[in-house]
Amino acid sequence: MSRYTGVTDRELREMLEEIGVGSLDELFAEIPEALRLRRDIDLPPGRSEQEVFEELSALAARNRHCDEEITFLGAGMYDHYVPAVIDTLLQRSEFLTPYTPYQPEVSQGGLQVMFEFQTAISELTGLPVSNASVYDGPSAVAAAGYLAKLETRRSRLVVSRGLHPHSRAALRTHAAGYGMEVVEVPLGAEGATDAAAIEAAVDDDTAAVFLQQPNFLGTVEELGELIEAGKRTGALAVCAADPLPLGILKPPGELGADICVGEGQTLGNRLDFGGPSFGFFAAAERFLRKLPGRIAGETRDVDGRRGFVLTLQTREQHIRREKATHNICTAQALNALAGVVYLSWLGRRGLVELAELMLRRTHYAREALGLEAINPGPVVREFAVHVPDLDALFDRARRAGINPGYRLARDYAEYEDGLLVAITERRTRADIDRLAAVAGSIREAVTA
Amino acid sequence: MSDPLDPRAGEDTLTIFERSREGRRAFVPPRCDVPELPVEELLPQSAVRDRSAELPEITEPELVRHYTTLSSKNFHLDEGFYPLGSCTMKHNPKLHERVAAVPGHARLHPLQDPEYAQGALELMSRLQGALAEIAGLPHVSLQPSAGSHGELAGLLLTRAYHEANGEPRSKVLTPDTAHGTNPATVTMAGYQVVKVGTDPDGGVDLDDLRAKADADVACLMLTNPNTLGLFDRNIEEIERIVHDAGATLYYDGANLNAVMGIARPGDIGFDIVHFNLHKTFTQPHGGGGPGAGPIAVADRIEPFLPVPQVVRRPGRNGTEPFFDLEYDRPLSIGKMRGFQGNFGVFVRTYAYIRSLGGDGLKEASQVAVLNANYLKALLARDGIAEYLPIAFDRTCMHEFVVSGRGAKERLGVRTLDIAKRMLDHRVHPPTVYFPLLVEEALMIEPTETETKERLDHFAGVVRAILEEAGDDPEIAKGAPYTAPVRRLDEAGAAKRPVVRWRARDENPGDPARAQDAPASGTGAM
Ligand SMILES: Cc1ncc(COP(=O)(O)O)c(C=O)c1O
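Protein chains in written order, with the working numbering: chain W, 19 to 466; chain E, 23 to 547.
I should point out that these hints are in silico values taken from the structure, not numbers from a laboratory. All C-beta atoms in this analysis are idealised placements derived from N, C-alpha and C, irrespective of residue type, glycine included. Please note that the accuracy of each hint is not assured.
So these bits of chain E aren't anywhere near chain W, every CB distance computed over 10 Å [as the list claims (entries may be wrong)]:
1. Leu65
2. Ala142
3. Glu155
4. Gly268
5. Asp404
6. Lys430
7. Ile497
Below, computed lysine to any residue pairings styled on SDA-like, alpha-carbon distance capped at 20 Å [said to hold, decoys possible]:
8. W:Lys341 to E:Lys116
9. E:Lys116 to W:Arg56
10. W:Lys341 to W:Leu306
11. W:Lys268 to E:Glu62
12. E:Lys384 to W:Gly24
13. E:Lys193 to W:Arg338
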């Protein structure tokens with residue numbers, strides 16, 4: 019008997035008798051004999067709770083996590099502070115252990131959370147409708163590509179190379195299925211997307227143009243101009259955005275974006291080596307009946323009490339099957355809860371204060387490092403620099419307990435000596451100065 | 023309408039936005055230790071917001087109360103029986119939360135150099151090995167984020183496989199019992215759905231399959247045991263037909279909980295399998311995720327797996343092996359999502375597999391099947407079976423489906439009414455109105471972590487509801503009575519959608535509107 023099952027010998031006899039069979043094995047008689055596994059599964063025997071805890075802790079100890087170094091690594095996920103209220107609330111069984119709210123009368127908590135989440139995302143993005151979450155940022159981008167196909171019936175997707183490499187990759191992978199071509203537009207000389215290049219790339223068969231704010235290099239794009247250029251031939255403008263800087267940046271919706279998607283890790287979710295976090299998907303009103311995934315809506319019960327339900331389900335796979343607007347079922351509800359709790363914790367002014375702190379420290383850091391900028395224009399939380407000797411920088415930084423950031427060459431052959439440096443509220447001036455000292459020593463070594 | 027002294031009256035449905043009061047806060051920013059340059063100097067005017075996002079302004083105590091109050095309106099697995107068919111609502115061990123929260127897991131950056139993430143990569147590598155062994159298929163990608171994402175990966179792999187063979191195909195077969203994600207995935211993957219019928223035994227209709235399995239069919243997607251909870255006895259013949267047509271055979275692993283250690287999809291001949299880690303491997307369902315939908319594949323599909331793959335490189339001259347992320351896979355379908363997948367889910371899954379071991383996983387499946395058959399037997403007794411006949415009365419696997427046809431005809435209550443009345447008994451209803459081919463379906467999956475007393479109690483609840491309906495069907499039709507709200511106007515919600523909060527005067531579709539449409543609802547999964 020394992021610790022999660024509890025059939026006693028006596029109960030087993032009673033249950034088999036009630037069923038009318040003589041043994042457990044008989045219950046599997048429907049499986050053809052030849053297909054049954056005639057040996058034990060080759061896995062080690064089970065262990066006590068304590069032993070499993072120790073084994074997994076030992077594995078974890080072989081990872082270098084963000085408290086063990088000063089990290090400037092970002093590139094899509096960031097070392098933000100997650101407030102204690104999130105741990106407390108997310109560990110409540112009432113949020114942790116139910117499933118999708120198919121029975122709304124006993125799921126009002128989860129449904130109202132979705133409704134509040136949708137409201138917060140709508141506020142951040144400047145778009146009136148939002149769903150209740152998709153898997154992550156890149157899969158949200160891919161979902162936007164599919165919506166553009168359903169909406170326009172066109173076959174090309176034009177993508178700025180300022181879009182996260184994983185988003186571009188996920189878009190290509192999904193587009194190979196739904197049958198669209200993905201065309202990339204290189205970044206301009208200053209690490210910003212070039213409106214003329216976007217304008218030249220779109221044609222009458224372009225379903226959507228994909229931009230990112232700030233872009234992968236950290237550049238704050240001239241989003242309004244780019245959206246206008248992208249929509250010239252009737253394509254949809256899709257903007258991927260980091261939700262935290264949207265505290266001070268103009269919302270994509272106000273600048274004409276039809277769809278705004280993004281990665282939600284920065285909103286109160288832990289790093290978790292890449293997931294789970296959540297993706298968000300907001301859009302103009304006219305796409306409400308084409309959105310992917312769950313949407314909560316407000317309504318009343320028979321007594322007139324306010325309540326919430328999953329709504330517009332005729333978009334979804336369980337009702338529409340092959341005609342659904344997306345195949346998603348299980349999404350990231352718990353992570354979206356972390357998102358809305360985080361935004362409420364920050365509050366209207368706090369979000370601005372946090373974004374401004376990051377903005378100022380980011381500019382301070384770029385200056386302090388004294389390396390040639392790849393993107394000298396405005397940045398808010400991350401920036402890219404040329405490093406004369408990247409290997410030496412990594413080597414020295416590592417020895418000083420610093421992770422200096424992301425090697426752009428991993429995704430961009432055009433920035434072979436590029437380093438992407440991320441700043442969060444956890445990186446103090448003292449941290450930045452330590453990285454700057456390492457950078458200074460590299461500069462000197464090269465000029466010497 | 024309600025008692026003003028009832029402390030929950032009136033205000034307990036306020037959204038967090040309505041609780042906001044200008045000037046309140048929970049967050050205090052860290053001190054600014056760099057020059058406080060004005061924002062205008064750092065950002066162009068055109069990029070800056072004119073007004074701040076209207077987020078709530080609230081203190082920490084009120085924030086905590088708000089969400090704690092909301093949480094109290096959820097029925098949840100830690101509270102009671104949750105036999106939601108096809109969803110495998112088994113107990114979520116508390117150890118898993120603890121190990122997932124260890125900083126070495128929770129605070130590990132996804133782009134950390136593999137050299138400094140050996141523990142995480144080794145965990146993933148070991149999990150891949152365990153899943154491969156359970157599925158009987160050698161190669162695993164952990165990347166997809168849920169079942170339907172795994173399905174999509176599977177069909178994109180199928181497409182890549184046929185294209186690499188120079189014979190692209192355009193159709194995918196799905197049985198009419200298939201979960202909705204299967205046909206939806208087919209369309210998203212750019213294929214046309216061809217439906218295959220069900221035989222009187224509840225299995226795939228072989229003649230229909232033979233007629234439809236032509237050279238343009240890329241794949242058959244099959245759930246086995248299927249959504250009726252039945253193991254398809256003709257699976258060997260199905261496998262032959264599909265492979266003779268040159269198609270791939272896809273295993274929707276949502277129901278793997280029935281057969282762990284008993285039969286393996288790979289041994290049966292499936293080419294691609296997805297796992298629902300949040301079902302079979304007990305991820306807390308979180309109110310609708312997160313989950314994870316890893317896939318396991320046969321050798322001929324392996325070259326096309328997503329990037330990166332976690333690989334174990336043997337150590338040289340007696341050194342430790344090195345775990346790495348492999349990107350150089352020229353035939354790969356690419357990436358399904360960001361980074362390496364839902365790692366936090368992998369940690370919990372691995373903890374589960376280590377806790378149970380091979381024997382324990384097999385025992386889990388055995389008891390899941392035992393519990394389902396026992397509950398089915400209880401519901402087959404007089405006083406219940408007349409109203410809720412078993413849809414296909416064979417030995418079931420981990421779940422079974424009954425039809426509410428009898429109750430509708432003889433008592434005048436529908437499956438929806440029975441389900442809603444269960445809420446007053448503090449048990450979660452089964453999945454309702456699925457699968458579609460069973461009239462008024464109730465799909466019941468007790469899972470192995472329920473005790474006999476719980477199953478007996480549930481059967482008692484069903485009997486009590488039916489008896490009560492025999493006396494007065496109106497009671498069930500008006501249920502629930504004890505939940506935080508009663509039946510909700512779903513039709514109205516869809517007709518005049520209000521999908522975000524706005525200050526009253528800003529909201530054209532304000533729900534302080536007439537309650538004209540009656541409450542309605544279909545269940546689904
Ligand atoms: C049979 C079956 N297939 C596929 C799925 C889809 O899985 P997911 O919700 O993880 O996408 C489900 C459950 O939701 C299911 O029950």
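Against the structure, the hints:
A beta-carbon of chain W comes within 10 Å of the beta-carbon of Leu65 of chain E; the shortest separation is about 5 Å. At roughly 5 Å, the least C-beta separation between Ala142 of chain E and chain W is not larger than 10 Å, which violates its mark as non-interface. Once the 10 Å rule is applied to beta carbons, Glu155 of chain E is inconsistent with being away from chain W; the minimum gap is 5 Å. With a cut of 10 Å on Cβ distances, Gly268 of chain E stays outside the contact zone with chain W, its closest approach being about 20 Å.
Non-interface call for Asp404 of chain E relative to chain W: holds, since the shortest CB-CB distance, roughly 14 Å, exceeds 10 Å. The beta carbon of Lys430 of chain E sits about 19 Å from the closest Cβ of chain W, which is more than 10 Å, so the claim that it is off the interface holds. The non-interface label for Ile497 of chain E is consistent with chain W: the shortest C-beta to C-beta separation is roughly 14 Å, beyond 10 Å. Pair hint Lys341 of chain W plus Lys116 of chain E does not hold up; C-alpha atoms about 39 Å apart against a cutoff of 20 Å.
Distance hint between Lys116 of chain E and Arg56 of chain W is unfulfilled; the C-alpha atoms sit about 33 Å from each other, more than 20 Å. The straight-line distance between the Cα atoms of Lys341 of chain W and Leu306 of chain W is roughly 16 Å, inside the 20 Å bound, and the hint therefore holds. As the CA atoms of Lys268 of chain W and Glu62 of chain E are separated by approximately 13 Å, the hinted pair is consistent with the 20 Å bound. About 14 Å separates the Cα atoms of Lys384 of chain E and Gly24 of chain W, which keeps this hinted pair within 20 Å; it holds.
Straight-line distance between C-alpha atoms of Lys193 of chain E and Arg338 of chain W comes to about 18 Å, which keeps the hinted pair within the 20 Å bound.
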